Structure formats: structure tokens, C-alpha cells
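Undergrad: Okay, here's what each chain looks like letter by letter:
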Amino acid sequence: MLFKRTPSPHIKQDISVQDMMYNVLYALIPGTLAAIYFFGWGVLFNLLIAISVCLSTEAIILKLRKRNVTDSLLDGSALLTACLLALALPSLAPWWITVIASISAIAMAKHLYGGLGFNPFNPAMVGYIVVMISFPREMTMWSAPLGVTLGDSSGWPDFSTTFNWVFLGQLPGGASIDSISMATPIDLIKTQLNQFHDVIETRNNVEYSPLFSSISGTGWQWINLLFLGGGIWLIKKNVIDWRIPTAFLISLIFISNIFAVMDYATNSSSLFHIFSGGTMLCAFFIATDPVTASTTPRGRWIYGACIGALVYIIRSWGGYPDGIAFAVVLMNMAAPLIDYYTQPKVYGDPDK
Amino acid sequence: MTESIKMKHNSAATITPHLSKFNGGLTLDAYKSLSTTKPIADMEPCKQYIVPLQQHIGVISQPMVKVGDRVLKGQMLARPGDLLSAAVHAPVSGTVTDIAQHEVPHISGLSDLCVFIENDFKDEWQERQPLGAEYNHKNSSDLRKIIRDSGIVGLGGATFPSSVKQTETDVNTLLLNGVECEPYITCDDMLMRERAGEIISGADIIGHIIKARRCIIAIEDNKPEAIAAMQSAIDQDGTGFFSIQVIPTKYPSGGEKQLIQIITGKEVPKGHYPVELGILCHNVATAYTVHRAIHHAEPLISRIVTVTGHGVKKPQNIEVLIGTPMQACIEHCGGYTENSDELIMGGPMMGFSLNTDALPVVKASNCLLVTAKEDNPHKEKHMPCIRCGKCVEVCPVRLLPQQLYWYASSHNVDRLQEHNLFDCIECGCCAYVCPSDIPLVQYYRHAKTLIWQQERERRASDISRERHEAHQRRLEKIKQEREEKLRKKRELLKKKADDAAASDSENGKSKSDTDNKRAVIAEAIARAQAKKAERNKNKEAE
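From first to last, the protein sequence lines are chains H and V. Under the working numbering, the first residue of the first sequence is numbered 1, with each subsequent residue one higher. Under the working numbering, the first residue of the second sequence is numbered 1, with each subsequent residue one higher.
Chain V on its own, in the form it takes in the complex (with noise of 0.2 Å):
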């Protein structure tokens, strides 16, 4: 068996010499094996599902249940917020018991809106109406519809929404994305090797919506297992749509830009996405799901995740149910070893590790990593730099991260901003490769928050800057306009005169006004003059 997977392997796809090279990029240990020796595995189901709300890119989902409510397994339990969101849904039958505010798997440790689901453990599916081969008479926004209320996001671990990106334009090339380049991770190799028939069904539906001409699935030579079973279902297809390109295993292919400049020789440009360069990028977990989508009216209630590391006793891949609680995962693949240190979402390249297990898996969690004590690459201080430059050397992106780490310890925003900060993708090469310990990244990320925490406050103060002047400007109005009605007043007010004086003229008895005026003053002075003789004489008789 074995035997004969090499062979084809050999024979139908090998890494060819016209692929290009990203800058920099690291040879890790990968440890894939520690959890690629059993098959994935189904997860008992759990008394309660907490759900979380935000569990892609963009805008909160608007919840559609209230507290009390009775769902069904695949009901929708919030509908997108915005154009840039997903829906989200019950994985599994039973009563909503709360909506409420608690702790997600987020980088910032924060909490967030959560529906609480108690488990009937009955398993009752809602209705379901498979569309099945039908898709092919179907349009494109019918199946972006499908796709976009079975709440799919990308699985790759930017959890984009996936409908959003299946744009019809120009699109030529559909790259699957089954490189999975994170030590550590194996979910997509199982599921290739697993389910490659599905994968490729699914992403037969993404070529039929964006109208793409072809379909390179992307894997890297460390997996020649996935690329047996991957091209086994290509044969059986046999459209010629699909090709597997199997590339060198090196950190971080499998970031989207690094893989379209391996695939094509071209780099995405600064501030575009790759739709402009003819391609869309999906991971093979993705397909999978538009899969089940549309062929078994599935919405996205489940994924696998790999649970590995050192510190948990039998690694392995399991399909879990978004808004399972981790521990029950952790407990499901043997529980902690006792020398376990860390719990990490996603790989140990670019994971975020988590304070607690008490967390829901969510859209996003590809991967639980616990490390063991040993593994711990932590030093309580960092040396200085000493501009060694080796991160320059290992950089995807050639920045210069020596530099950046300089600004960003400095909080020097304008060369922060000209040493082009904002275009790390945070994979974390330049730190693995310090030798004086610096968390490098740490310090990207904070300076990063720091620039947009700044131009919140400058657009907050343009903001009051413009109501300000705008205030000024209607103060300035309606100075203006009550002037004009008081010189209007006015006009009328002499124009009346006038015409009075007119018709005074006209009866005859005019005289000047100055003469009149004289008259009145001399009148007055004569007053004046009179009382103040009066008071002297007063005066002098006392």
C-alpha cells in the first residue's frame, strides 16, 4: 500500500522546477507525526455549546434566538451583522439558556457575546434540502447565498467570510491552499487524506462560482500521503480542471501571498488582493465545507482540530462541534501530561496561547497545541539587540525587523510607518531566529495597536475640529442674517422717514432739518444755563 502511494506520488506529481522562492522563510521540526497515526475521530457529544458571536472577519453576527428558545442542529442562530460577516448556528438540538458575554479565543483575552445551547441529545436536524448535482444549473449568487448562510469562513485560520471573496471577475485560477506549513498542525493533511473526494467536490462548486478555468491544489512535499489520496480523487474526477503542485516544505508557505509568489512568481501588490492577479485562494477545509454545503445542506457546526503537543497524552484529529469547550477536547485525547505548560490556539509559529481551557472552539481553531515545560522557549529578559540581522535574513516580506524593533521601542511612529510596519504578516521567523530573545512580534503588534490607537484620536479630533468650525460657520450665519433683517429694518425704517419728510415737503411746511435741529439745542442750552444760575444763586444764599 504503502509502496504503491510512493510510486504514484513519484509519478503523477513532484515539485517542479519552474516554482519561485518567497524571501527568507525557516526549515522547522515539524512533529506532524505526533498526531497523524490515528484517523480523525468523532467527539462525544457535551451537555452544553457555547457559541460565540464573532468567529469571522468583519461585522457581529445579529442574533435571531431569544433566551428559552428550542433549536435544531444546523438552525440559524444569528444572521451576518453587514456584508462582511457570517452566519452562525446551532450545533446541536436543544434549548437556548442564555445570551450573554463570555471569554472567546481571542488574541486579547477578551469576552464577547456568546449563545449558551443546552444539549437535548437528540440530534434532531433541522430540515434539510440538499441541492446536491443541481448546482450546476444554478448561479453564481444563488450558490454565494448558500454558501454565505451556512456561515463559511475561511478554515485556514483568517476565518474571512468566504462568499464575500468568490468574486465572478477575472478569476482564472482557484489555488487550494493544503500546504499547511505550521508545525504541529495536521487537520488539513487528515482531511486530505480522509476526505480528498470531498474536497475536491467542494472545490468543483468554488470553481463553478467564480467561473475559474482551473484548480491548483497547493501541498508541501512533507505530505505524501495527502498528495496520494488528493491525486487518486483527481483521477477519478478526471475533468482535467484539477492539478496538484507540490512544493518544499519551508515556513510560511502557506501564508496566501508567499504561496501565489511560489505558484506564479509574482507578488501580490502592496494594497491589492490576489483576485488581481487572477487568483482566488481558499484552504482545502474550506472546499470541504462548501461540500457539505451544498451536497448535504450543512452549515458550518463542525471542524476538525488537530490537539497535539507534548503535553496532552494522545495526540490525534477530531471533528469537534464549534462551541465545544476545549477541555472536553483535551479530555477527549487523554487529557494533560504532567509536565504540560501551555494551551495554544493554532500553531506555535503564529498561535496565541490562552489563559484557560474553559473556552468554546470556534470557526477558527485549527489547532490546540499543549506544549510541555521542556519545549519552552521563554527567557525572562532579552538581551539587546545586537543588529545581527538575521531576521532580515529569514523575513517573507523583507522588512527589516532589527529596524522596526528599534522604532517600535522608541514609539518613533513615522519610521515605523516608512519601514513599512504594516505589512508584517506576523509569522513570527525574525523572532524564532533572535538570538538575544527579543519577543519581536509582542513588539510589532504593540506598536501596531499604538498607530491605530493614534489615528482613532486623530480622526476623533478632525471629527470635533470640522463640528467645531461647522458650529462656527452657523454662528457666523446667523450673525450674518440677523444683521441683513436688521439692515433691512432699517432701510424701511428710513425709507418711512423719507417718505414722510416727501409728503411734509409737499404740504408746504417744510423746514430744514438742521434748522430745527439748531433750534431744539438752543433751547436746551438756554435750560442748562438757567438752572445752573438758579444753583450758584442756592449756593451763594447758604
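One chain only, chain H, in its complex shape (with noise of 0.2 Å):
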């Protein structure tokens, strides 16, 4: 009787890429809800441009490519870039920022390089930057949370001003921007340091305390919680790699407590720098794209740990609101060296 011949092993676990990439999309849910819920109809405007230019992009490129699109279209790595964009852009954003920022991702981050496992750099990162450093003033447009007075409304616009404003630039009775949005808890208390106003200040003014709430900000502290949540889920089913949430949270956290104990006026506390923006977004969804970050075990120690650090610098002392973007796709530059120089011993190494 003859057979057919197939590599060792013969045997293997049941799992694939798609798998982990939909647990990935699975996890960030809790956290989007809340992100709907506390910010409004501009986060599902956000998604769902995102989404379908993501996935369009995708299917362009790939027939571009002679490869098989409604296999790499499933395997869900363009949908979870699409997501994490999304949720990182702010949620008044114009239609086109999010258009530009998915094309770029998608078409540039991601298949220039090769597609899927051949990216340097984090597509949503990469995105990001491109409409950062183009259009700052759209990515300073979030709504007011829910359960902030914003002049004589409450919270975020209601559907139709939502819609008028994201897709034709329009505010009823011609208002500015300015009527509907706000500036982000982090980027306040960087303005307001400018102006010579201290963190207790800012915190305690009238105005503002309704935005910070009692943690890091009304609606970010609930946010953040969700997405570690489905972190932790993430971790326990072995779907990312434990090591870099736990440097990076580790690295924000001593770093920022250092600032915060020599000068607690000027510097926010470590509880505040954990639990705003996007911090719990990156440590477990972002810092995690396992294609850009460090693989071995010592070197996703220093990956996280470096990205906590340039997390804060960029905060603390750049002229951005958020440092994430900028932190992950500069420790993605330095994955190939980290990987180099931190290979394990092999068994029996005499160095060990």
C-alpha cells in the first residue's frame, strides 16, 4: 500500500491566527461599549468608517497583489486594526481623518512591508501618526463625556449633530467645534501647566472637576478598566504575551510615582497616568501586536518597560496630548535590535 508523505510533526494543536486575532476583537468589546456609552455616536461613526475603509483597502491591495482575498480578509487582522484605530481617534473626528488614517494602515503600515507578519510598524500606530501630524486640530476634537456640562448641554451631541459635523462639517445655527468638544483630562492639565495652573489647581477648578472625576476622568477611568479587563482575559487564555502589559504598566507606573512624589503639584499621580487615555488600550491591545513587537522573553521585558517610559515623556514633556502612537512605533524600530541582543542561552550553554 503506498502513502503520501507529510512533515513531522503529525499531530497539532488546535489553534490558528485567526483564532487569536478574533479573542483579540472579542476582548476590546467591554471597553468600545463603554467608549460608545461615555463619549458617543462619534466612536461608531469611527468604527464603522474605519471597518469598511480597513477592509476595502485590504481587498484592493490584496487583488493588487494576486493573493487570496477572502482568506486574509477573515483572518481579521485588518478588522482589528480597523478597531484599535478607531478607538484611538478622537470621537468628533471628520470622516476623513479616519479614511486617511485607515488608507494609511492599511495600505502603507501594513502592505508595502509585505501584509500580514512583514510589518515593521503597527498599522493603527502608523495611521495615527500620519493624521496627528497633519491635521492636529481634528485630533483634539472629542466630545464632552457623558455626565459633563459642556455651556448649556450635557454630555456628548445627539445623533444628527454628531452625524452633520463627522460626514459634512456642519453644527446647527452655525456653531463652532468648540461648543460640542473638549479637551481630553491629559491635554487640560498640560494647557493648563502652561499657564502656570498646577495640577491641584486644575483638578479642584469648578469648571473642570466634573471631568476628572474621582480617578483619571469621567468616563476614561471606566473605559481603561474595561480594556484591562479584557487584557487580563487575553492573558489567561494565552492569547498575548503577558510579559509586555505587565513592564509597560510597571515602567509607567514607577516612573510617573517618582515625578509624582518629588513634585505631586506639578506631576499627576501614577493612578491618574494608568488610567487615562490610552494607556490600558495600549499595554494589552496595542504594545501587543505580536508582528511588531520584541519576541524573545527578555526582550518584551524591555520593550514594555521602554514604551511606559516614553509613554510618560512624551505626556509629560511633549507637544502631543497622548504619547502612545509615538511610544509604540518607536520601540517598533528597536524590536529587531532587542531581539539580537537579548536570545536566551541555549540548553547547555557554557555562559549560563
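Please note that a few of the clues may not be correct.
Unchecked claim - Pairwise CB distance ranges (calculated):
1. S409(V) with N68(H): 18 to 26 Å
2. F118(H) with E118(V): 54 to 62 Å
3. Q454(V) with F118(H): 37 to 45 Å
4. N68(H) with E374(V): 18 to 26 Å
5. E418(V) with F118(H): 20 to 28 Å
6. A59(H) with T449(V): 35 to 43 Å
7. T449(V) with G318(H): 45 to 53 Å
8. P120(H) with Q454(V): 26 to 34 Å
9. P248(V) with D71(H): 36 to 44 Å
10. T246(H) with Q101(V): 54 to 62 Å
11. K381(V) with S179(H): 48 to 56 Å
12. S409(V) with L168(H): 33 to 41 Å
Treat the hints as calculated values from the structure; they're not laboratory data. Predicted model only: the values in this text are computed from it and were never measured. Backbone N, C-alpha and C define an ideal beta-carbon position, used for all residues, glycine too.
Two chains, two separate frames, one set of hints: put the complex together.
TA: Put into C-alpha cells, the structure is as follows:
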């Protein structure tokens, strides 16, 4: 009897790239729902635009590259990039911001380098950086979170106002965007510091205090907490590596604590840092992107810790409201070097 | 019965806390019970046996028989070709019908030289003189010679000639490997259950040869029956030489280096042998074969083979003569099921698939695994590597499989060696967990072959360069010698001329050389001018 020959091993764990991608997407759901709850329709519009543009860009380029379109579309990687990008963009970003960011992410950051597995930089973060550098004003357009009063309205604008703004660039009665948008807590503290109002003063200011809530900001603390929960679930399911988020958070807590202890008036607390902005999204969903991160066990500690340090540096002394995207992409650049110098000692290595 | 076994197991041998761990590894579905329900069965004799001459690591054996010779069971067919080689014996009495190339079970799928024996069904043994308990009075080298002449090789799968390994210097521990960590395989398990006494006896002989002070028998905790059987054999022995070490079930604990790490907490230094840690490792089946050789004067002509998998009707262990065609083994076990898919020699992790069952069982054939179609995990295409690092987590050697894959697919030889490609034991853990279904081990094998080939080519070019340089040096030398000769000749001539001149001057007729020359030149000029004048005259006349 004749048989076909296949390479060993002849058994295989039941696991696939798709499963991993979809698990990451499931873990995003609670935090995403919270983001929609606190920041309104804009988040939903971001998601819809990013998903449709990312998937169609992916399909077109796969077609141009003569690859199997359906297989790659179904692997979930483009969908994940879209979701991460949409969650990072401000809730009242005009539609073309999301479109440009999505195309840059998929076409430029992913496929110009050879597609899934070959991109040196995190696609979602590259997309974010492109629009952040090109259109800094639009990148501050966050709606007021639910429960925070802005002028005579409370919380985020209603469906039609949001729709008209995002897709048509118009507001009722020719009002300016400032009437519905508001700085994020991180941004506010930074601009107030520049006007010589220290952190305590800003947080106790009657006008601003509702924005800060108890820990780090109305809405933000919940969104971050839920992303933390999703991340822990991913670690438990062995989908993401635990070292990067751990190193990232420890590093951010450690550094912010040093500065807060030195001068608590001008430096925010560790708690504020880890529960505001994109911290938890970065820790568990962005920095852990395996393709662009360091892949050695020791390298992952270094990689995560460096992102934490860079996030703190950019937040505190940089010119941008949040430092996540730049910190991640900078460390993406360093990942191959880190990997090379953090090779584990193999079995029986005499140097051990 | 079962109850008492369990009690004994619990009281006598349990996992002790001092055991170490190796990096990574896998917990796999074992599927061992498929083939452990029936006792080891004998096989009915076959008409023809095909005995390959290369069934071991090292040099191919030298045939000692001719076509047409009658051979007896246990007669040596081929002697070791070199120090690192093993003898091969006739599994039955009969006639040598051919010595020719035939397909052998090897990962390369290539053919090799085999002796074909037609069975005469007389089962006539060659004359045997068992040593028996006498061995206690024999010295190590005599016993090693018997083991060597019995064609005994490591039966765990590596088939390293056993006698070569059995050094006497500084070994204090004989480590008997009864771990059997690969799924499906149960031949060592069944051997330990049924023939524990013989294993202990064989280990005692090996211990005597290598002058070991103790023997540790390592068994995974998923084999309580084997542990109990071995324990009672040890109790009967009563010398205190043996002890059982139960280890947790984890793949690949049975790898020699991994097992040593578990037992001693030490790593065998890179490029060195376990002997340097004072340990010699043998498989339990090898010990059993040593017992047969010393106490029964039986060379290695049979082994226990696990025939198993969801593609075979009645999985079980059978004692098979070396050279038996595999299809006969499968038939003995009820034949293939309708959905049988692949035939694998060895386990599902490290075994290799065969393209036909018309191959002989060899000394390395511990298992014939027939998979079912629904078991086949292989996909037509694999996804790109997303560098998730799951392979790093499971690698028992602490390699970076994802980096090796990257460099192997780009044929980056320098980086491959920097990342210790040649430390890979090809256990398959990385490929097992890969979410992209990349056949990583295949990439590494290919890369190793590529590097070997390059080294061979480099060596070949080194040799031809050296030859060329030697040739150049030779030419140079010949030239120098010739010049030397000429120089000597010239000197000789000059000396003669000088001597002549000297004798002339002595005779007083000497004119100076220069005067002589001048006179000659003047004469020549005069002659030439005369000729020229004549030619001019003739021209004018015309």
C-alpha cells in the first residue's frame, strides 16, 4: 500500500491566527461599549468608517498583489487594525480623518512592507501618527463625556448633530466645534500647566472638576478599567504575552510615581497615568501586537518598559496630548535590535 | 490486583519534589491505552526477510555472506564496518537470495543495501553458548565485545551502537530511560510491564561493564503498571543498586538531555556527552536486549513494535523479527481501517511518514503509527509567521524558533548559526503550537542540510585549493632545482674555462681576451664593408 508523506509533527494544537485575532476583538468589546456609552455616536461612526475603509483597502491591495482575498480578509487582522484605530481617534474626528488614517494603516504600514507578519510598525499607530502630524487640530476633537456639562448642553451631542458634524462638517446655527468638543484630562492638565495652573488647582477648578471624576477622568477610568479586564482575559486565554503589558504598566507606574513624589503639584499621580488616555488599550492591545513587538522573553520586558517610559516622557514634556502612538512606533523600530541582543542561552550553553 | 498495584506505586515511588524542569515542553493527548489492552504478541513467520545493513548511527556494516549461502538464525550477516558501527544478524534460518538495494525506512526515503533471506521455516539457531551469571567474572571489554557482536544499538530511536557508549571512566550513574514521552507509543511500557526482571538483569550487566554505582530508572507517571512491575523486580533484586524515579508526564521528557536535566538539574554542556556529568543513559529496551545477549546468547534480531493509531483495526504491541515487512505487522493487527491516512514510523511528534508499507522493520522501528484521515492536521497552505512567540515558550532547548524560521526561509546561514540552529533536537513542539501552521521542523531540517552542503563544498574547495597550492609549490621546487643544476653546470664550465685560461697563461702564449676580441671584430667589420662595396658596385653596373 502506498501513502503520502508529510513532515513531522503529525499532530497539531487546535489553534489558528484567526482564533487569536477574533479573541483579541472579543476582548475589546467591553471597553468599546464603554467608549460609545461615554463619548457617544462619534465613536460608533469612527468604528464604521474605519472598518469599511480598512477592509476595502485590504481587499483592493490583496487583489493587486494577486493574493487570496477572502482568506486574508477573514483572518481578522485588518478588522482588528480598524477597531484599534477607531478607538484611538477622537470621537468627533471628521470622516476624512478616519479615512486617511485607515488607508495609511492598511496600505502604507501593512501592505507596502509585505502584508500580515512582515510589517515592522504597528499599522493602527502609523495611521494615527499620519493624521496626528498632518491635522493636529482635528485630533483634539473629543466630545464631552457623558455627565459633564458643556455650555448649556450636557454630555455628547445627539445623533443628528454628530452625523452632520462628522460627515458634513456643519453644526446647527453655524456654531463652532468648540461648542460641542472638550479637551481630554491629559490635554487639559498640560495646557493648564503651561498657563501656570498646577495639577491640584486644575483638578479643583469648579469648571473642570467634573471632567476628572474620582480617579483619572469621567468615562476614561471606566474605559481603561474594562480594557484592563479584557487584557487579563486575553492573558488567561494565552492569546497575548503577559510580559509586555506587565513591564509597560510597572514602568509607567514607577516613573510617574518618582515624579509625583518629587513634586505632586505639577505631576499627575501614577493612578491618573495608568487609567487615562489610551494606557490600557496600549498595554494589552497595541503594544502586544506580536508582529511588531519584541519576541524574546527578556526582550519583551525591555520593550514594554521602554514604551512605558516613552509614554510618560511624551505625555509630560512632548508636544502631543498623548504619547502612546509615538512610543509604540519608536519601540517598533528598536524591536529587531532588542531581539538580537536578548537571545536566550540555549540548553547546555557554557556561559550560563 | 489493580488496587495493590496502586498502593505499591504510591508507597514505593512517587514524584519527588527535588526534580527539576526543562524549559517549555508540551502536555499532549497520549492515546497510549489504544495499544496497552493486549499483551505483547508473537508474530507468525514470514516467507522473506529483508535485513538492511545500515540500521544504526555510523558506518554501514560489511556483509559476510554471499548470495546462495544458507544461514542459521542469529548468524552474523554483516560485521561492523568500523568502530562506530553495528553487526547485523539473520532473523531466521534460510537462504540468502539476494544482496541488493532496497527501500528502507529512512527519513530521506532512499534505498540502501539489504540482505534478502528466504525463510526455510526450520527456525534453526546457530550454536549458542550463553554466558549466564558468568558475566560477573568477565571484564568489561569482553562483555562489550559480546554486546558489539550482538549488534546491539540504542532502541529508544537513536540507534547509537551501545558498546561504543559503555565507557568505564567516571560514570557513577546508569540512567535507564523508560520515559516514553511520545503519544501512542507503548512498546517500552509493555516491555516494563511484562519483562521487568529481564530489564533489571540487563541493566545490572551494563552497570557491571561501566562500573556504575547506582542505576536510576526514569518512568513517566502515566505508566503506573510499568512502575509497579519494575518496582517489584527491584525488590526481588534487593541489592539497592536500582531505584525508580517517577517523573511528570510531559513531552519531550524522554529526550536524553531533557531527562538528565529533570533528574540532576544539570545541563549537558554544549558539544559534550552525558558521561562528563557521570551519567550514562540507556533505553529500557536496550537493557532488555543486553540481557538476551548475555543470558541467552541471542543477538538483536527482534524488537517490540507498537502497531497503533486510528487507522489500524487492532492496535497492539508485537514482538517482530528485524527484517519483517511492515505490511505483515499491520495485517497481524487486523489491517488498515477504511479511513487510514498515513503510515508513520515512530511517534506522531518525531516520527516520519513512509510512502509504502513494503519496507522492513528495523532496529529503530519502535512504533508503526497509522493515522486516520480526520487526525491529519496538515493544511495545504500555511499563514505567515506573526511572531507570536508561542514556539519560544515551548522550546525545550530555549531556541527562538520564530527567528530561526525567518532566517531559514531567507537562507541566512550566518544568522542561523548565531541562533544555534544545530542545537535544535527537532522535537516538533514549536510546529505543534504554531497558530500559522508553519511546518517549522521541516524548515530547520532543510536549513541544516543546506549548511552541511555548503560546508562540504567549502571543504572540497579548500582541498582543491590546497592541492593547487601544493602543485604550485612542486612546480616552483622543480624550477628551482633545474636552475640550481644549470647554475652548477655553468660554474663547472666557467671553472673549466678558467682552468684552461690559467694553463694557457702558464704556457706564456697569452694574449689578453680583449685584444683577441677586438681583432675579431675588426676583421668582421672589414669583411662586411668589402661585401657592401661589392654590392654597390654591382648596382651601379646595372
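Undergrad: Compare the structure with each hint and give your call.
TA: Okay, the hints, checked on the actual structure:
{"no.": "1", "hint": "S409(V) with N68(H): 18 to 26 Å", "result": "holds (19 Å)"}
{"no.": "2", "hint": "F118(H) with E118(V): 54 to 62 Å", "result": "holds (60 Å)"}
{"no.": "3", "hint": "Q454(V) with F118(H): 37 to 45 Å", "result": "violated (27 Å)"}
{"no.": "4", "hint": "N68(H) with E374(V): 18 to 26 Å", "result": "holds (25 Å)"}
{"no.": "5", "hint": "E418(V) with F118(H): 20 to 28 Å", "result": "holds (22 Å)"}
{"no.": "6", "hint": "A59(H) with T449(V): 35 to 43 Å", "result": "holds (39 Å)"}
{"no.": "7", "hint": "T449(V) with G318(H): 45 to 53 Å", "result": "holds (51 Å)"}
{"no.": "8", "hint": "P120(H) with Q454(V): 26 to 34 Å", "result": "holds (29 Å)"}
{"no.": "9", "hint": "P248(V) with D71(H): 36 to 44 Å", "result": "holds (40 Å)"}
{"no.": "10", "hint": "T246(H) with Q101(V): 54 to 62 Å", "result": "holds (60 Å)"}
{"no.": "11", "hint": "K381(V) with S179(H): 48 to 56 Å", "result": "holds (54 Å)"}
{"no.": "12", "hint": "S409(V) with L168(H): 33 to 41 Å", "result": "violated (50 Å)"}
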